[in-house]
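**Q** Each chain is listed here by its residues.
2 protein chains.
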Amino acid sequence: MVISLPSLSIRRTFCWFLMLHLLLGPFQVIPGLLGQGSGSLPDELRSLYQEVSEELMAQALNSQVGYDRLALMCDRFGPRFSGSPQLESAIDWALETLRQDGFDPVRGEAVEVPRWVRGQESLLMKGPRQRECPMLGLGGSVGTPQEGIEAEVLVVSSFEELEQRSQEARGRIVLFNAPFTDYGTTVVFRTRGAIEAAKVGAVASLIRSVGPFSMQTPHTGMMTYETGVKCIPHAAITMEDAIMMERMQARGETIDLCLKMEAKTLEPTTSRNVVAEITGSHWPEQIILVSGHLDSWDVGQGAMDDGAGCLAMWEAARLILQQGLRPKRTLRLVLWTNEENGMAGVRTYQRDHAGEMAQHVLAIESDAGTFEPEGFSFTGSEQAMPFLESIGSMLKPIGASRLKWGAGVSDIMHLVADGVPVMGLDVDRTRYFWYHHTAADTVDKVDKDSFNRCVAASAIMMWIVADMPQRLPR
Amino acid sequence: MVISLPSLSIRRTFCWFLMLHLLLGPFQVIPGLLGQGSGSLPDELRSLYQEVSEELMAQALNSQVGYDRLALMCDRFGPRFSGSPQLESAIDWALETLRQDGFDPVRGEAVEVPRWVRGQESLLMKGPRQRECPMLGLGGSVGTPQEGIEAEVLVVSSFEELEQRSQEARGRIVLFNAPFTDYGTTVVFRTRGAIEAAKVGAVASLIRSVGPFSMQTPHTGMMTYETGVKCIPHAAITMEDAIMMERMQARGETIDLCLKMEAKTLEPTTSRNVVAEITGSHWPEQIILVSGHLDSWDVGQGAMDDGAGCLAMWEAARLILQQGLRPKRTLRLVLWTNEENGMAGVRTYQRDHAGEMAQHVLAIESDAGTFEPEGFSFTGSEQAMPFLESIGSMLKPIGASRLKWGAGVSDIMHLVADGVPVMGLDVDRTRYFWYHHTAADTVDKVDKDSFNRCVAASAIMMWIVADMPQRLPR
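Note that the protein sequences, when read in sequence, are chains U and E.
Numbered by my numbering, the letters in the first sequence go through residues 1 to 474 in order.
Numbered by my numbering, the letters in the second sequence go through residues 1001 to 1474 in order.
Do not take every clue at face value.
Stated by the list, open to error - SDA-like, lysine to any residue: derived pairs with alpha carbons at most 20 Å apart: (1) 1264/E to 1118/E; (2) 126/U to 1072/E; (3) 126/U to 1085/E.
Said to hold, decoys possible - Going by beta-carbon spacing under 8 Å, a handful of chain E positions derived as facing chain U: (4) 1246; (5) 1249; (6) 1343.
Quick caveat, the hints were computed from the structure, so don't treat them as lab data.
Given the structure is predicted, the values throughout are model-derived calculations rather than measurements.
Ideal placement from N, C-alpha and C gives every residue a C-beta, glycine not left out.
Pulled out of the complex, with its shape left as it was, chain U reads as follows (with noise of 0.2 Å):
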């Protein structure tokens, strides 16, 4: 059996590992003899990781490579929505820097993805007093005619409320007006509210942004159609034009609105996958992913949401690579495409990797931001807790050691079908969907000092379980 040999000094730990090794026996060597939740591995990783752990720790705090590769992506490229050609600028340069970085092999895999564009757009407040109010086209929406759509508005501020007063909608915008509560409840009139509009007559829909706090800052998003039910205009205005909107409607006032939006859903294209790796010393077979999404929203710079995650995978990985470290399992980042409106990046590479769905040990994702970290949610199998709570141990000085069930991530989550564990990186979300899909999400909302901490609690996540003995239990 041949060990690994890490630059720096691992005296400590290579001889707990031998220890181990002669204690044991076979059973770190051949996976297919380890039995689901023996117990008493995970005692031992602390003993066996924790001088790497304290390595890639300092390493990682004190990092300038990710933060100032988050800001240059970001200055450089702008937004990366999927289907633009700044999406495809960024995963050539992310492909060629990975290359530098000595990741191999190293690939673009091709992915088919949805075109929306945005177009010029506007809603213009006619009365009771002229205003130009800022807003976000959601995406998928169909535009309106090249004049817009003039109507008065009817502001509800709940499905309920719609179907009370349906007589009064026909013909008119509607406005769901619903304060934010949490993100599962609110967007649903993102994601649904030009069905619901278009059912009792409405002309065009519009959202109350799905955010807790706003400087006049729309929000856009995702947004869906019905087969049979006619396909409107749906866009989001601002928290404060939507309170305003519903006070002048209690006055008794009427309120004209003009919007226009060009936007329209083009021919599918081709985007990719960015997908890097650094090979397995013993089991190159099995696969611990590690991952963000690349594409963003078509505004802001999508710094927080996702290039801050996938910069920060990025950079745990890269860590291990500089320190010479070689894991036993083959680590593979893979950035995906076309989270935000479609899925399609991680669809297609359900598709093109089933073979290997057996063999993902672990997916990771971050896609919460990298704000102060607090440790890992995860789904999969309670034997691998004890596992998964040992390494998190080694995570209490920067105080991201919490272990959580359920993982509530994007992209991964469609992998949980596949049978495979996967694991998102927690944070404080306190200010999360203040930026989220704005103008606002930009490299100055992602503090270097919490990124650097999310990089090193992924980093000693991604390591010790790619290089521990036992195969995290499925």
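Add chain E to chain U, keeping to what the hints say.
**A** Relative to the frame of chain U, chain E by itself:
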């Protein structure tokens, strides 16, 4: 001596007052005989006014009127920039509503105000990447030629750095990227940036918006030129873009901008200070001036700055009227015009009311938003402090009992030169400069409960100073 009899139950107050009257004799009723800092009355104010204060506080905390009027004014008229018809419409509405409230006399006092017009404006970054940058021209700036000004950017963080790099500034657009420390320190780049940039040959100047937080939010505000120095266009960009341009410059990239501004200064026009009184029952010639400024910048709704200050002072005075209280001195509500870009309102008032200045017992202003009230700041005689502290002690239930030396309130600071004691309503300013002079200064940023607590504190302060037996010492 006639003692005004409020409609609410004042038996206890009245008895105390009668006892003091008998005890102190002429000292209460002949102000000329009252020495400064008698030291006895301050201690008794609480006994005299505790009950009325509690009643005013209860009324204020449950009021619907002031906040609803703020929302109505903001929604109906939009921003109220001096020189604009919107401000004059808001002034008409205020005068009419004050008359309906029962203030008497109510009048608009003519003020000649400057008229600066923004027009269309834009900032296009043409390289290293194309981007429409959100921006706001600064008040008083000249415009650009119709085709705009195209030039490369020089980013500096201070006047010192500009001096050191003056050779690089010629023919460039200078961007002052100074992080917000405090308003007074940071605002110099807004007020003097165009002067210093022009001195070294720049063709235009930009500032990072003056504020500690941004969601792609440009902040406007006043700027100045200097005789003998070329007038160049001057505008604010967002914190996000300023930081990005600094990063780009640090990478050695060339940043090309095209700035277009139609800004121009027209002939002055006439606006009005709104003046509404509750005439004093005993010493009507003595004036307690209570105020905010009704004008705002030409973006957002001027809700926090300073619609809320106006409506809080107005509502406080209205509650006094509504209670049937009539103070011994005159309560004069003044809603200033042109605080934001010229201070013509207060200056005209000084000129037109010069003969009354000796009889201005106190001038109060609310111009820091109506966030959670903390107390009052004061510039005047030390001998006034025991009185104010005694009144402050009655504001403890709403946490507004703090008294600080040194009022920093904008309009009424001008009255200090006339010997008038001045006082500002102090509030939690944590988020004041987030919204200051931006499109995000809207009604929703004003919390109704905090607003009503500001009304309560103001009502109690103005009532007691206007009614107390001794004139507040100068």
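**Q** Report the numbers of all earlier hints that the structure fails to satisfy, in ascending order.
**A** 4, 5 and 6
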